[in-house]
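S.K.: Chains as they are written, first to last, in my numbering: chain A, 72 to 263; chain B, 261 to 1086.
These are computed hints drawn from the structure, not numbers from a lab.
There could be a bad hint or two in this list.
With a Cα cut of at most 27 Å, we get these calculated DSSO-like pairs of lysine-lysine [what the hints assert, rightly or not]:
{"hint": "1", "chain 1": "B", "residue 1": "655", "chain 2": "A", "residue 2": "174"}
{"hint": "2", "chain 1": "A", "residue 1": "214", "chain 2": "B", "residue 2": "766"}
{"hint": "3", "chain 1": "A", "residue 1": "212", "chain 2": "B", "residue 2": "719"}
{"hint": "4", "chain 1": "A", "residue 1": "214", "chain 2": "B", "residue 2": "718"}
{"hint": "5", "chain 1": "A", "residue 1": "219", "chain 2": "B", "residue 2": "719"}
Fair warning: this is a prediction, and the values are worked out from it, not measured in the lab.
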Amino acid sequence: MSLSRRDFLKYAGTTGAGVAVGTASLDLKPVQAAATDLKIKEAKVHSGVCPYCAVGCIQLVYSKGDKIIDIEGHPDTPHTLGRLCPKGAATIQLSNNPLRPTKAMYRAPGSDKWEEKPLDWMYDQIAKRYYDAREKYFIEKEKGKDGKEVTVNRLEAIASLGSACIDNEECYLLTKLNRTLGIVYHEHQARI
Amino acid sequence: MTTNLIDLQNSDVVMVTSNMAENHPVGFQWVMKAKERGAKIIHVDPRFTRTSAVADLHVPLRSGTNVAFFGGLISYAIQHNLYFKDYITHYTNAAYLIDPAFKTPTDLGGLFTGLEQTGKGGNDPHVAQRYDRGTWKYQLDAEGNPKRDLTLKEPHSVFQLLKRHYSRYTPEMMERVCGIPRAKFEEMAKLFCGTSGPDKTGTVTYALNLTQHTNGVQNIRAMCMLQLLLGNIGRPGGGVAALRGHANVQGATDLMVLYHNLPGYMVWPLRDAHPDLATYLEKETPKGGYWVNKPKFLVSLLKAWFPDATKQNDFGYDWLPKRASTDAYSHQHIFVDMYKGVIKGFLADGQNPAVGGPNAKLARAAMGKLDWLIVKDIFVTETAEFWKAPGATAKDIKTEVFFLPAAPAAEKDGSLTNTMRLIQWHEKAVNPPGDVTSDAEFFVSLARRLQKLYTGSKKQRDQGFLATRWDYGDNPKEPNMELVLKEMNGYAVEEIKDKDGKVQYKKGQALSTFGHLRDDGTTASGCWIYTGVTVEGPDGKLVNKANLRKPADDKDYLAHGWGFAWPANRRILYNRASADLNGKPWSERKKLIWWDPAAPGNAPDTKGKWVGLDVPDFNPFLAPDAKNGDKPFIMRGDLVGAFFGPLNDGPFPEHYEPIESPTKNLLSKQEHNPVVKVWSVPDQKNELAPAGSADYPYVVTTYRLTEHHLSGVMSRYLPMLAELFHSHFAEISNELAAELGIKNGERVTVVTPRGKVHVTAMVTSRLKPFMIDGKKTHQIGIPWHWGYNGISKGDITNDLSATVGDPTVYIQETKAFLCNVKKGEV
Chain A
72 MSLSRRDFLK
82 YAGTTGAGVA
92 VGTASLDLKP
102 VQAAATDLKI
112 KEAKVHSGVC
122 PYCAVGCIQL
132 VYSKGDKIID
142 IEGHPDTPHT
152 LGRLCPKGAA
162 TIQLSNNPLR
172 PTKAMYRAPG
182 SDKWEEKPLD
192 WMYDQIAKRY
202 YDAREKYFIE
212 KEKGKDGKEV
222 TVNRLEAIAS
232 LGSACIDNEE
242 CYLLTKLNRT
252 LGIVYHEHQA
262 RI
Chain B
261 MTTNLIDLQN
271 SDVVMVTSNM
281 AENHPVGFQW
291 VMKAKERGAK
301 IIHVDPRFTR
311 TSAVADLHVP
321 LRSGTNVAFF
331 GGLISYAIQH
341 NLYFKDYITH
351 YTNAAYLIDP
361 AFKTPTDLGG
371 LFTGLEQTGK
381 GGNDPHVAQR
391 YDRGTWKYQL
401 DAEGNPKRDL
411 TLKEPHSVFQ
421 LLKRHYSRYT
431 PEMMERVCGI
441 PRAKFEEMAK
451 LFCGTSGPDK
461 TGTVTYALNL
471 TQHTNGVQNI
481 RAMCMLQLLL
491 GNIGRPGGGV
501 AALRGHANVQ
511 GATDLMVLYH
521 NLPGYMVWPL
531 RDAHPDLATY
541 LEKETPKGGY
551 WVNKPKFLVS
561 LLKAWFPDAT
571 KQNDFGYDWL
581 PKRASTDAYS
591 HQHIFVDMYK
601 GVIKGFLADG
611 QNPAVGGPNA
621 KLARAAMGKL
631 DWLIVKDIFV
641 TETAEFWKAP
651 GATAKDIKTE
661 VFFLPAAPAA
671 EKDGSLTNTM
681 RLIQWHEKAV
691 NPPGDVTSDA
701 EFFVSLARRL
711 QKLYTGSKKQ
721 RDQGFLATRW
731 DYGDNPKEPN
741 MELVLKEMNG
751 YAVEEIKDKD
761 GKVQYKKGQA
771 LSTFGHLRDD
781 GTTASGCWIY
791 TGVTVEGPDG
801 KLVNKANLRK
811 PADDKDYLAH
821 GWGFAWPANR
831 RILYNRASAD
841 LNGKPWSERK
851 KLIWWDPAAP
861 GNAPDTKGKW
871 VGLDVPDFNP
881 FLAPDAKNGD
891 KPFIMRGDLV
901 GAFFGPLNDG
911 PFPEHYEPIE
921 SPTKNLLSKQ
931 EHNPVVKVWS
941 VPDQKNELAP
951 AGSADYPYVV
961 TTYRLTEHHL
971 SGVMSRYLPM
981 LAELFHSHFA
991 EISNELAAEL
1001 GIKNGERVTV
1011 VTPRGKVHVT
1021 AMVTSRLKPF
1031 MIDGKKTHQI
1041 GIPWHWGYNG
1051 ISKGDITNDL
1061 SATVGDPTVY
1071 IQETKAFLCN
1081 VKKGEV
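Same shape as in the complex, but just chain A:
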């Protein structure tokens, strides 16, 4: 059986109308025979979005086990026609990169080095910092312009910055977290 690259993608079910919805990965087994010469043989393919500029190039992210083995442009993307720029083409190195830290780290006051710490310890410490700052600095009421006391429920001691690099759902959760704690210094890159 001879398949062009485009047919191969279609056969794999990654393009065309009515593609699977949700997070299920696609199995390429049916086309293994035709793909013996490709490094993506036996790989799973996932729908990706380029994380660099805001053109929003759709990517095909190929994985084997817990390793991404290739990322390329999705040829059917109507606004990109499958193209990627140099940054988009380098996306794989955001994951596969020797400089990438994989442990949480703590730097004590005045220290000149990092210490690796368990994630649970970090989260407990961070929650305590938030809690303490809120206990100490929360502004529940203050006088308004007209001199009357009003409820303001504001926490000015904690600021939050970011991010245009995280997902919509994450932005929503961050806004909800900050705002329901009373945080008003709440910004990201769109301001600048």
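Chain A is already provided as a structure; the job is to place chain B on it using the hints.
M.R.: Positioned in the frame of chain A, the structure of chain B alone reads:
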């Protein structure tokens, strides 16, 4: 972006004002496609770039003169009768009459009516002046409707005021102010203004070249006004194309990771103006336009955050923090207030202010005053290691720092909203390594821990946080992002019946349109403009439209089956304006949507519907001859496009020189924006150069490269990208290099009153000196991607820039300021 990248191909003239070929290369193919189809390309940029190389006309202008430039085009179109008269008469406020007491800067020496001294002090010690907007309003008739003059001849009509206001912005002044030779300006103006009328359209693309100025908002308004004047908004090949720089700067704005608004563009409550929900809704709900539905959007948002809140407790409105002032809490306020010790703890999540923000030296110094700092990022950024910055002494920096490694998009589920409002889903391809987690996992974990700490608290101030929903699926380690998307989208809080008593939504079912949101607490929606992104059948099966992948075809060039564009999958905003008053396309060549009188209506016995190539951005059943059936700008209270549109610094854009400028203002005696925000920062952390400074004689602008990304976190750490462009440089013209004795490849020092950087000189003919009012004026360019971490290192360009801001949104001025250049590393 009002339009869509794909639609750029339908333009007759594309005016690119950023370096789109290098900064949005994949999107730029649609400009090239337009060119293939016969369009002309204009590139407006101080530098000759790869965009200029493929343009028909390169128009260099001095950075910081964009309002003058667009004002010059507006004036040219009016003087040469090149505006689209039918369009502006009916679809904009050109015909509306303004209070006779209102005067423009043409008559008031560069100021609008109403400038008043506030005195220094109070909440806002740095702005000594502000505008009283008392006269910035329409004349009303006896019934309270704005008076109009459809002939556009009344001296107080917006059109005549506009004409008089920009009468000073002549081609001669374009040469003197912007440095564009008069003949070149006229050639360009004739070409672009030729896109006016039924048969032609033109697009303007822009990026931070227009926004990073102390009149940034007015730059954008001036561009939009030009497009309105030519009748280019809402039509194929028209619109304004905002080219955003981050993958999700649009989405993060929609979901409002910003100090001033609630998700979905509703103003964040202020202490004095909005003490309770009723007052908020009363003040913030306009009488006309689609925002009359604001109570439904706000109450549904509160229900999404606080599911158990009720009408009795104002749906939890009281729990929201109330801002003390409109002039507080922005990015630049953060670092000034952090330096002053107001802020004790700081979360930098996916942002690198040690490199990426204005006056980065101040940002790093400010972080040294914190008690604690949390950084969550993919790599160890300069922000995470600000205590290791050149010149810093770690032992003297008492800030605790927590670093949490973050997962890139390919290692998590979620959606991103691209520059054309298109929401697209990405799937988790692999598990992140080690202790790396998604940002969502961190937020949910922190929220749950905090809720545990507050459990049992009887304090009033903790009740809102305790009432917030934080359960998203069974696995706390991996919150289900489709459930979050559904909460943003909206769902029925209880069973909802339609007016005939038929069940419209089961309890918990996702809503299909924001038209179904209610203000009685029976619907929840975390961001109303996203409603429709996910729909749910009665069987409970969610369809995530952000993950739809139906390509474009001959019948649907805008690809409505690919992802979901907010609002309501509309791909070109204001598209009612693509048809004439009677609902017919202005021309066959430029058709988009039109009124079909024979199509079935919204009831069995009615006929007529808007149909065509896009989802109507309009009531689909409102006939052109019905009341307001001819008013396309549905998000405005008066339903028309605004030439006259009050902002903090005026209802029309007026040219002012940047805070640091090489010249006096030639268009009026008012040098700077009179209500500009200049922060005074202790310890000489924000010194400024005066106009025409001999110590800092050159204009500097910052910019980006194809191979690097913003502050460099996602590029300088990647071997592939670091290798492609491995060192920091400044572009210097042959003429300036000759004056200073600098050779290509030599090291030079660029210095401003805030700081200095050492970079390599790229001596080039891509930049040329400008003749400003007859005086040779040099400009240099410098990218801002580098920092002291990563594979490819370099000095921080933002150490040069200042803490100054636009008076409406407080964006900084990093596209035009002053510097000196010195040979060697000094």
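S.K.: The structure should be examined with respect to each hint, and the outcome stated for every one.
M.R.: The hints, checked one at a time:
A C-alpha spacing of about 24 Å is found between residue 655 of chain B and residue 174 of chain A, which places the hinted pair at or below 27 Å, so the restraint holds. Distance restraint check for residue 214 of chain A and residue 766 of chain B: the Cα-Cα separation of roughly 45 Å exceeds the 27 Å cut-off, and the hinted pair is therefore not satisfied. Between residue 212 of chain A and residue 719 of chain B the alpha-carbon distance is near 13 Å, which keeps this suggested pair within the 27 Å criterion. The hinted pair formed by residue 214 of chain A and residue 718 of chain B meets the criterion: a straight-line CA distance of about 24 Å does not exceed 27 Å.
At roughly 22 Å between alpha-carbon atoms, residue 219 of chain A and residue 719 of chain B fall within 27 Å of each other, so this suggested pair holds.
Against the hints set out earlier in the document, a violation occurs for number 2 only.
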